[in-house]
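Peer 1: Hints are included, so try docking the two chains, each in its own frame, into the full complex.
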Amino acid sequence: SAVISQKPSRDICQRGTSLTIQCQVDSQVTMMFWYRQQPGQSLTLIATANQGSEATYESGFVIDKFPISRPNLTFSTLTVSNMSPEDSSIYLCSVVLVKGAGGYTFGSGTRLTVV
Amino acid sequence: DAKTTQPPSMDCAEGRAANLPCNHSTISGNEYVYWYRQIHSQGPQYIIHGLKNNETNEMASLIITEDRKSSTLILPHATLRDTAVYYCIVRVAGTSGSRLTFGEGTQLTVNP
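Order-wise, the sequence lines are chains A and B.
At position 66 of the first sequence the residue is numbered 66 (the working numbering), and the sequence of numbers has no breaks.
At position 111 of the second sequence the residue is numbered 1111 (the working numbering), and the sequence of numbers has no breaks.
In isolation and in its complexed conformation, chain B is listed as follows (with noise of 0.2 Å):
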């Protein structure tokens, strides 16, 4: 199983990017990279999901790097609801199926 590195913790001001780093050095070529936030008593919510292009949706962007071993996850307009944990994800394929293996993701503070 590819596996994932992230910063425990990153803080951002209301109204900047923040960038979310990840790296996954052993994915392979046929794993996506997914990204989820879990804010505090909820279940996690999909934000996006990428191969090897980047990618962008309504709520974030996500660029990967040529090589797949590192991607970034960017909201461009943090605000203070975007607090929340946030797991950068490689999906496996096993013989249940495919299934999210969660790390223990980037506790993202977005402050005043």
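Chain A with its partners taken away, still in its complex shape (with noise of 0.2 Å):
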């Protein structure tokens, strides 16, 4: 499986704002997704990043608030724009190895807190 590092694990910030995350894997993988948990809430998948392309963004997300950078295979950025309080939220990377086969591995996430 793969090895996710994601930084910062976690950051206060000022609201207004803007705080990029990195997520950088150890291996090549096909899909790179990122997810926000609000807290005591499920995981609300935010957007897909694609290499060489623009993020494929979920209902209710934009990219003007959430703009995603994937320049390569293994390393992707997502970034919070002009941060507010309902922000606050963990934020986590997620691959996929192999196309159509197999399970997803989960970075350990960003703990985001907007004050």
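Just so you know, these hints were derived from the structure itself, not from any lab.
Any given hint could turn out to be false.
Claimed, not checked - Derived contacts from chain B toward chain A, CB cut-off under 7 Å, selection only:
1) Ile-1039
2) Gly-1043
3) Pro-1044
4) Arg-1099
5) Glu-1104
Glycine included, C-beta positions come from ideal geometry on N, C-alpha and C.
Peer 2: This is the structure we're talking about:
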């Protein structure tokens, strides 16, 4: 299985600022995803990070608020822009090693608190 | 998208088998059933998945009914470390590739 390094592990940010979260994988992966988990709730998919092209966003999430980059097969970033307290959540990166088979591996997450 | 229904919480005695049910009555023929768990403050951990046959690995067993409308995850000898939220997920095939859609899951508490 892949090993995912997600940074930072946690941060406290001022409202109105932006935070970029990094996801580095130790092997090439076909699919990379970003999830959000608000306090006490389940995981919600934000977007699929596509290598070399624009990310595919789920309903309710927009590129201006959550810009995503994926310059190669092992690295992606998620930016949370113009933050408000409602953005306080855990943000998780997830990857798939082989398309169509096996399990999805998750990073340990970034715990974001906006004050 | 096929939805899943799980009980919100379950309790189990340490050392006993934990049987976690999941209903997925609208599952399509080419959709897999995945199980993940999330221990507090950690990322979800893959447990097992299956299409229509029963599956077993070092962590658990997955029993899928013949009509595929429900399944049961079995932890044969639950320990305190198995206390977690367990998610039953049906994999969705979309234009952006197969992704996982999480429901609310079952909070399993293993008691000493």
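Peer 1: Each of the hints needs a verdict: does it hold here or not?
Peer 2: Verification of the supplied hints:
1. Ile-1039: It is violated, given that the least Cβ distance between B:Ile-1039 and chain A is near 11 Å, above 7 Å.
2. Gly-1043: 4 Å, holds
3. Pro-1044: 5 Å, holds
4. Arg-1099: 6 Å, holds
5. Glu-1104: OK, holds: B:Glu-1104 within 7 Å of chain A, min 5 Å.
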